[in-house]
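Asks: Residue strings, one per chain:
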Amino acid sequence: MTKLITPDTSLKTPTRRAALKGLGAAATLPLWARYAQAQTSEPIKLGFQMHATGIGAAYGRWYDRTSRAAVAKINASGGINGREVELITEDDGTDPARGAEALEKFANQHGCDAAFGTLFSHVVIGSAPRAGELKLPYYVVSEGHHVASGILNRYTLQPGITDVRSQIQAMAPFVAENLGKKVTMIYPDFAFGYDHRDYFSEAIVAQGGEMAATIAIPPTETSFTRYFSQIPRDTEVLYHVMVGPAVLTFVKELGEFFGGRGPEMIGFIDSLEAVDLASPGLEFLEGSHFWEGNPRYAQENQSEYDVAYRAAVGVDNNGASLTDPSDVSTYAHMFGCWETLHIMCDAMVASGYRGPQDRAAMIEATEAMTTMDHSMAHPQGPKLFNGKTHQTFGQQYITKVEDGRLNLVHTTSIEDGLYDDPVDYTTQSF
Amino acid sequence: MGYVWQLWADGPTILIALFEGALLAAVLALMAAGLSLVFGVMRVVNVAHGEFYMLGAVAAWFIASQIGGSPAVSFVAALIVAPLLVGALAAMIDITVIKKVNYDPERTIVATIGLLYIIQQGTLMGFGAVPRAVEPPFDHRIAIPWWEKVDGVWEMYWPWGLSISTYKVFVIVAAIVIISALRYAMTHSKAGLIMRATQLDSETAQAFGIPVGRVYAGVFGVGCGLAALAGVLILPIQQAHYLMGGEALLSSFIVVIIGGLGSFGGTIIAAIIIGMTDSILTIFFSPIIAKIVATLLVALVLVFKPTGLFGTKRQ
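Protein chains in written order, with my numbering: chain A, 1 to 430; chain B, 431 to 745.
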């Protein structure tokens, strides 16, 4: 639960005195005083489907911190339509069945106005049909192509983060031009990984390259060397993307496997999210490239928005927690929660949202959105939202490991990632 | 002739598979030996066995991170202390939980399922959901060359991944030493004699003055301690995570069912079979095929030789 006026205590350990001061300040300022202009002073409840446990826990922890920071910012500027925003968190265990249950609790038990926050694609795919049945707006932060592909429904949107298909389409030319044309891909064996396999294979062929091999690894796997032995010897570029609790083991074993004699490497930062680049055994990554949704290390051309966003979520210039430098964030993804919450806020304002009877209007207001400028609400960069496919498009960042940090070498344009609409959700009834 | 050349060309891959398979077999043998020991002596199917493996790894991480300093010192401390701690905890659980249900086969299964969740979720609450890594006390890699015929001339090359990790060799050797020591203790020491007597007929053993209750607590402690030891040994290769026990439990059950519940030698042989086939099938086919084959083997064994390949009928 997000508190309204007390400082966000999740990011720094508060002293007892600071906590008392915060409580004191809160006590002197009645809630209605700030939201007096609203017709109802009931808070707007947003259900946060969080990967608190299970294989997505590292993401869940940071999605939580980012979401709470975003809600604190939204509330500090008057909430939504004069009403306080309250975050209701439910753990989905990174499990599709529990994900659907979480949505039911949001709708029936907590009386939430909308839900958001899911990352893992199998959880999104497992939960979205329930969101449609419950008629609960469901804003996912998942990267999967499942939203735009048309397999979900009108109640499911992904306005705050780009999808894998678009990311790959934008970065494939860089791979073919700078790294090599014969690519072996290692990907996680579930929906998110299949997006990588299918769309990258397509994109690299379009660039005149070819796939040497595609190697699927279950995301629950704990030992990887035996999979690496399937990498063909004539591989020029190794494209790796891995998720799950064992990503550090994955990259370490990758380094041990090649022993400094490997092919060029480009990884999706997912393989390293929440992992300290300075961990022993990762030295071999020097000189290799990464796709990042949002650069973990503060770059030379860092925007004022990134500076303020980092401060708000409690992340330093190396992408780690301000209070614990070993607690590395999932910086390339978590901005999606921040931006999604701002978009939900905008949609509720634009539709004059009052209560669950206005859920359809909220979705229509979101569908009507198009360009989103690089701003405090969109610190990752400008976006172009497609109301028909419910999917946003944006810039992608390719960074290179230099002196143990990820330095930006290429930024793709929004246009690089555009594709024809596979679906038009606006034709579906509510 | 073509097959031979293909086999030769695949040589590096096969060697990697065998090496990784040997590592898996070593860890499985330790795990399954503990499970088999507990079943052999106490007739208790410990469904929480995988959680003791996880507890071993988590305790080792905690001990190593508390001690700090050189990885060698902190790891050795963890290697000794963590299994003892977990073993002691298991012995306590035996006295306070399993004894209370009178070692009744059905009720102990339900009780240990409960323990599984309590230990797993307790670890989640205390240790968190973040995987934790520990530095190996030592690790050197010795690359191995291979030869291929290029335009009729043999040329040496260094295949990716074909190397021996000294730490992984240490794990394999450690597993062999520990299992041999356990086997020796079972057959040559007085404690082993008491255990075997209890295994054969606990009532008669009791009549001869063997404190069966304490033997059971000790056996449960040793069995779970073995799982914890496997967890400590694997920690520098993998990471400690509160969910790591599930897969380990499943593999251990596959091993003990194929080897014969309660049969020590059978367990070891089954661990080698499963470790090797899992590794080879994963490399040349897919991890799903490896799981299918292992589960199919279990089914076939249960149909044609329900006591396991090396198990004997209980009198």
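Rather than coming from a laboratory, the hints here were simulated on the basis of the structure. Owing to the predicted nature of the structure, the values given are computational and were not obtained by experimental measurement. A portion of the hints provided could be inaccurate.
Claimed, not checked - Here are some chain B residues the structure puts well away from chain A; computed CB gaps all over 12 angstroms:
hint, residue
1, 447
2, 499
3, 502
4, 507
5, 571
6, 639
7, 695
8, 718
Claimed, not checked - Cβ pair distances, simulated, as ranges:
hint, chain 1, residue 1, chain 2, residue 2, range
9, B, 570, A, 382, 43 to 53 angstroms
10, A, 370, B, 718, 55 to 65 angstroms
11, A, 234, B, 719, 20 to 30 angstroms
12, B, 723, A, 300, 47 to 57 angstroms
13, A, 234, B, 573, 46 to 56 angstroms
Claimed, not checked - From the structure, some residues in chain B lie toward chain A, with a derived Cβ separation under 8 angstroms:
hint, residue
14, 441
15, 443
16, 561
17, 673
Just so it is clear, CB atoms sit at the ideal spot from N, CA and C, and this is done for glycine as well.
Asks: All hints, please: hold or fail.
Replies: Do the hints match the structure? See the list:
1. Non-interface call for residue 447 (chain B) relative to chain A: violated, since the shortest CB-CB distance, roughly 6 angstroms, does not exceed 12 angstroms.
2. With a cut of 12 angstroms on Cβ distances, residue 499 (chain B) stays outside the contact zone with chain A, its closest approach being about 15 angstroms.
3. Chain A leaves residue 502 (chain B) outside its interface by the beta-carbon criterion, the shortest separation being 14 angstroms against a cut-off of 12 angstroms.
4. The claim that residue 507 (chain B) lies off the interface holds: its Cβ sits roughly 19 angstroms from the closest Cβ of chain A, which is beyond the 12 angstroms cut-off.
5. Consistency note on residue 571 (chain B): stated as away from chain A, yet its beta-carbon is not over 12 angstroms from all of that chain's, at 6 angstroms minimum.
6. The Cβ of residue 639 (chain B) lies farther than 12 angstroms from every Cβ of chain A, with a closest approach of about 46 angstroms, so its non-interface assignment holds.
7. Even its closest Cβ contact with chain A, about 26 angstroms, leaves residue 695 (chain B) beyond 12 angstroms, as expected for a residue assigned away from the interface.
8. With a least beta-carbon separation of about 8 angstroms from chain A, residue 718 (chain B) fails to lie farther than 12 angstroms from that chain, contradicting its non-interface assignment.
9. A beta carbon spacing of about 50 angstroms between residue 570 (chain B) and residue 382 (chain A) agrees with the range 43 to 53 angstroms that was offered as a hint.
10. Checked against the given bound of 55 to 65 angstroms, the beta carbons of residue 370 (chain A) and residue 718 (chain B), roughly 44 angstroms apart, lie outside it.
11. The beta-carbon spacing between residue 234 (chain A) and residue 719 (chain B), approximately 26 angstroms, falls within the hinted interval of 20 to 30 angstroms.
12. Evaluation of the 47 to 57 angstroms hint for residue 723 (chain B) and residue 300 (chain A) yields a pass: the beta carbon distance comes to about 54 angstroms.
13. In this structure the supplied range 46 to 56 angstroms is violated for residue 234 (chain A) paired with residue 573 (chain B), their Cβ-Cβ distance being about 20 angstroms.
14. Annotation: interface hint on residue 441 (chain B) violated; nearest CB of chain A at approximately 11 angstroms, more than 8 angstroms.
15. About 5 angstroms separates the beta-carbon of residue 443 (chain B) from the nearest beta-carbon of chain A, less than 8 angstroms, and the hint is met.
16. Because the closest C-beta pair between residue 561 (chain B) and chain A is about 4 angstroms apart, less than 8 angstroms, the hint holds.
17. Residue-level restraint check for residue 673 (chain B) holds (minimum Cβ-Cβ distance to chain A is 7 angstroms; threshold 8 angstroms).
When the structure is compared with the earlier hints, violations turn up for hints 1, 5, 8, 10, 13, 14 and for no others.
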